[in-house]
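Visitor: Using the hints, position chain B against chain A.
So the protein lines, in turn, are chains A and B. Residue numbers for the first sequence follow this note's numbering, beginning at 1 and rising by one. Residue numbers for the second sequence follow this note's numbering, beginning at 1 and rising by one.
Hints are computed from structural coordinates only; laboratory data are not their basis. Honestly, I wouldn't trust all of these hints.
To be verified - Calculated Cβ distances over 10 Å to all of chain B for the following chain A residues:
#1 Q38
#2 V76
#3 L120
#4 G140
#5 Q639
#6 W752
#7 P761
#8 R763
#9 R828
To be verified - Label-pair ranges, simulated between beta-carbon atoms:
#10 B:R110 / A:L821: 17 to 25 Å
#11 B:R110 / A:E838: 21 to 29 Å
#12 A:T842 / B:G23: 14 to 22 Å
#13 B:G23 / A:A1002: 53 to 61 Å
#14 A:G941 / B:R110: 41 to 49 Å
#15 A:E719 / B:R110: 38 to 46 Å
#16 B:R110 / A:L727: 30 to 38 Å
#17 B:R110 / A:E835: 26 to 34 Å
Using N, Cα and C, we set each Cβ at its ideal position, and we do this for glycine too.
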Amino acid sequence: MITGQNKARSDFLSGAGEMGARIRACDWSRTPLGPAEQWPPELKTSVSLMLASPHPMWIGSGPEMTLLYNDACLPVLGAAALAKPAAEAWAGIWDVCGPPAGKVLDSGEAATLDGVRLLLDRGAYQEEAFYSFSYSPIRGDSGQVCGLLCLATDVTPKLVNARRLATLSELASRCLAEKTVAGACAAAAQALRNNAGEVPFALLYLAGAEGREARLVQAAGDFAPDFAPVSQVSLEEDSPPWPLAAVYRSAQRRIVDASGMEGLPRGAAGQPVREAVVLPVISGGGRPPCGVLVAGVNPGRPLDADHLAFFDLLAAQVGAAVHSARAGEQEQCRAAPEAGPPQSPSLGAEGVSKHQQPERASLLLGAIVDSSHDAIISKDLNGVVTSWNKSAERLFGYTAEEAIGRTVMTLLIPADRHDEEREILERLRRGERVDHFETVRRHKDGRLLDVSVAASPIKDARVNIIGASNITRDISDRKHAETAIRDLNARLTSELAAMTRMQQLSTRLVAAGDFVRLLEDILDAAAAITGADMGYIQLDEGGLLRIACSRGFGREFLEVFEAVRPAQTASGAALQRRERVIVEDVASSTMFDGALRDALLAAGARALQSTPLITRSGETLGVFSTHYRVAQGPGEREQRLLDLLARQAADLIERRRAEIALLESERKFRQLADAMPQIVWTADAAGRPDYFNQRWYQFTGLEPGRFDRQTWEGILHPEDFQAAARLWAESVEKGEPFRAQTRLWDRAERRWRWFISRALPVRGAQGGVVKWFGTSTDIDEQKRVEAELRRANQDLEQFAYSVSHDLQEPLRSIKIYGELLSRRYGGRLDGQALEFLEYLRTGASRMEMLLRDLLAYTQVTRLDPPEEPADTLESLQASLANLSGAIAESGARVTHDPLPPLRLHATHLRQLFQNLIGNAIKYRHRDRPPRIHISAAREAGAWIVSVQDNGIGLPPEYKEHIFGLFKRLHCGDEYSGTGIGLAICQRIVERYHGRIWVESEAGTGSVFRFSIPL
Amino acid sequence: MILLVEDNRADVFLVREAIQAAGIQAELEILADGEKAIQYFERLDADASRKCPALMILDINLPKRPGNEVLAYMRRTNRCRDTAVVVVTSSDSERDRQEMARLGIKEYFRKPSDFESFMKLGDILKDLLPPRA
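Here chain A stands alone, though its shape is the one from the complex (with noise of 0.2 Å):
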């Protein structure tokens, strides 16, 4: 019999996973949250909740916020950080995450972090990871908030990703406003410096004109006092410790492991920076490069494609910055003879000096253009588009022909937007940059798209303000992403408290036990929802609808309505269509039969709905019906709130029913068990042991009752108590069928007696166990045939032994002297003489090879199981090695497929293909030299080894004969051989559990066949 609390637990702690496990295994007691088994139901809900969710989830509970999380979460808590407060577990972030958290449960409103930075321990570093959390309440049934459940969201490649484009964006501007090789480079090491977390450290070497040596023009990081890159390198030849003229004569980057060297700055969380991309840089899309750049890896990072991509986009960007620093001091020396006043900022297309200005933005935005997954536009002042990207393209619909020449305003602007960019554009002319943003732009096909922009503007030679350069990134995957992960929170919110109040109600139809109280409760409640007046339940019972519980009817209206049939009512049709019906005037409805209409109408019920109460299964038990004193039928939302009243009162009506219905099966169960001879009981989920048959009583003398560790040691024999204990606690922990021998006390008897103990899981509709169910049956007697038996068998082969063994020796004298007395004496004996000691000598022959072969049968069984598997091969070789007269003489000729180890001992493999071969050999076709295959198939369980012939069959009725000791087809003066070889293989086949058979057919040849278990 189990209680409702072992089945809460079962149920709640049922969740697969690792973390399903070690909650399960994890003493509880011992944390301020108390023993699993008294956790607040609504706890227990939401760990069960959490540990179904393939998304990360942790919960906080109790005063230390004792933490608990699923299978998702390891890799960034590992499994160490159960059940330790959350403040502790995490320790590296709670000063940013703890103060939320205690916020949502003093306030009990939910809240969200954004991209909480975390270093996740991989062992050799620490990784860099960014993670959303959303935080939910864990209300109990008073409301109070018993904890909090919180969603993690993995949003690091998203944050990455944005802190590199912001590092490249940030280096492209403000090389922009550069116009001297020298002020580029300053601008890019500012760059880099102010985004150290992705770049470390970098040092900028320039080639000088003739391409022999490099200068350093820039450092940028933290480098230790001692530090000093060299400034002066050979681009001729390398010299440590960076690769600069490889990289500078091949143009092709090197990583280089950085992670012996002293004195280079730190990375992420202060890590040693393991690696370093050596870049060449490129201008103008020449080569040989301008120079090398050597940049710090983030060592939070792993230096993947994306990684490696986004070096090269620095370096080119690099490239582009020092071109067009080149191109901008050329234009200087040029345009310096007739150096006016600088013009002031055109606002038209027109007022764009023309050839230089495409010529330096093209250079520019040439480098990053192509590989950017933004869309990047030039405009000019007026917002009419001068350049239009592949990633415009493909963002916005329209192709670089289409949208050049109109304004940004009237392509991508919706009507709502104007102000904006009106407001952007003004900025841009007073030389401003705009920081990314978050708007809306149109597609050509009119949708409305999620985007990110930022813009800034381009400068010419003269610091002029020509224009403007937009990047526009489409975020609607991030938007989807965070609208997803917002509904996932409000649907597990939802479902969370829909699954604590069904909790609620059960936990009480548990405790009370009553059932026409709980099912009160709920037309209590549904009445308080729906404002109705009266209402009731009807159970339908073999045809008819009978109220099992009413509110607000008097007892006139109870017995016209008591037992009602289907068809009468409008409950009846409820149950029928197996959806609400609802009579919004009960005296103008067609649906009821006179008699109950008015008994109806006299109760006060103008109007009324009934819900059919319908199992998960889809089972119809009956309606759930409310009514009404004016003519209405309920809103909306009241009828939802029905719904889930009439689910819940189905659920326990039918759980009520399997109780009854267990407790009638229980009473039929033990009726038979104790008919039984056998001793049968059954155990609860746990493994308790909660009943016994009346044989169990009888054999141990024990009284029904308490059942603990010193009663078992009173009934069970101390040698088996532990090996059996063990294995029943195995077979409850992993919910597998139970089996094993022990002795029990046999009070009669006053001795021990064998007994098999068998017991199989019950399982409940969850899949979990409920129960076990268990029998022990008295094997004493077997037992002890068994053990005789076991003992004659050996005496026997012993004796087998010794008498084929101590019968070689008087043998060998016989033959030895059988051979003298011819060699000896052979002049003088007549030829009856030596016919009759050449009888003597060959019967001695054959007893000795009888001794030998029958000396072999007896030691099979003389091994101990083998610990490895043999090799099939070498066992196969053996015995063709021990064959090589027989087969040289007989000219035959043995093949064999790839063979598979096999679990036996190789003495006894290579006995087996020694008798089998040896005996496809023996019986060879006269017309034919002997050809043999052994091959090997899988089938049930078993590897089957074949040995084919070409040689003389059997016939059919003589299949299993052979396999006989001493059994033979053919007289000695034909074949020799003594009978025990396949009677060897037999014993050596069975030993293992395996059988031996063989497929002959007379004249053509024989297939013989042994299986051996896996």
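Guide: Below, chain B alone, put in the same frame as chain A:
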């Protein structure tokens, strides 16, 4: 002198044949059970005038005391602890082989069941004896 501990007269004959066939010129002393062999070694230690055997040929399955006990006893005597021993037996058991090897023997000769093979014992013995024994 060669000491032969062997109870089977048929085998004594064969050993003698093998010795002769190999042309070994040595006296053969024969003891028919294990107890006699142990007493023999006792007497040797007690009486220094007696001659020690140059070689012992020992069967394992012997009446009264088995061959391994004889050998173990001999290895503890004063005068014969280092005497060369050839085991000649019908036993093929691995346990016997290991037991005898542990006690230190020159050769484990399994009694064959044909005459020619038995005669090979003579060559083995000859190799173990000093040239003019």
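Visitor: Beyond 10 Å from every chain B Cβ: check whether that's true for V76 of chain A.
Guide: holds, 61 Å
Visitor: Please check whether R110 of chain B and E838 of chain A have a Cβ separation lying inside 21 to 29 Å.
Guide: holds, 26 Å
Visitor: Starting from the hint 53 to 61 Å, judge whether the C-beta atoms of G23 of chain B and A1002 of chain A obey it.
Guide: Once the Cβ atoms are compared, 58 Å apart, the range 53 to 61 Å for A1002 of chain A and G23 of chain B holds.
Visitor: Over 10 Å from every CB of chain B: does Q639 of chain A meet that, or does the non-interface label fail?
Guide: holds, 89 Å
Visitor: Does the no-contact call for R763 of chain A survive, Cβ to all of chain B over 10 Å?
Guide: Per Cβ check, R763 of chain A is outside 10 Å of chain B; nearest 54 Å; holds.
Visitor: Holds or violated: 38 to 46 Å for the Cβ distance of E719 of chain A and R110 of chain B?
Guide: With a Cβ separation near 45 Å, E719 of chain A and R110 of chain B satisfy 38 to 46 Å, so the hint holds.
Visitor: Is the hinted range of 30 to 38 Å satisfied by the C-beta distance from R110 of chain B to L727 of chain A?
Guide: The hint (30 to 38 Å, Cβ to Cβ) is violated, given that R110 of chain B and L727 of chain A are roughly 49 Å apart.
Visitor: Could you let me know if the closest chain B CB is still more than 10 Å away from the CB of W752 of chain A?
Guide: holds, 36 Å
Visitor: At the C-beta level, are R110 of chain B and L821 of chain A separated by a distance inside 17 to 25 Å?
Guide: Holds, at about 23 Å.
Visitor: Confirm or reject the statement that L120 of chain A sits farther than 10 Å, beta carbon to beta carbon, from all of chain B.
Guide: Check passes; 60 Å lies beyond 10 Å.
Visitor: Is 41 to 49 Å respected by the C-beta to C-beta distance linking G941 of chain A and R110 of chain B?
Guide: Given range 41 to 49 Å: holds, Cβ gap about 43 Å.
Visitor: Regarding R110 of chain B and E835 of chain A, is the given constraint of 26 to 34 Å on their beta-carbon distance met?
Guide: Given range 26 to 34 Å: holds, Cβ gap about 31 Å.
In the structure shown, a violation is registered for the earlier hints numbered 12 and 16, in ascending order.
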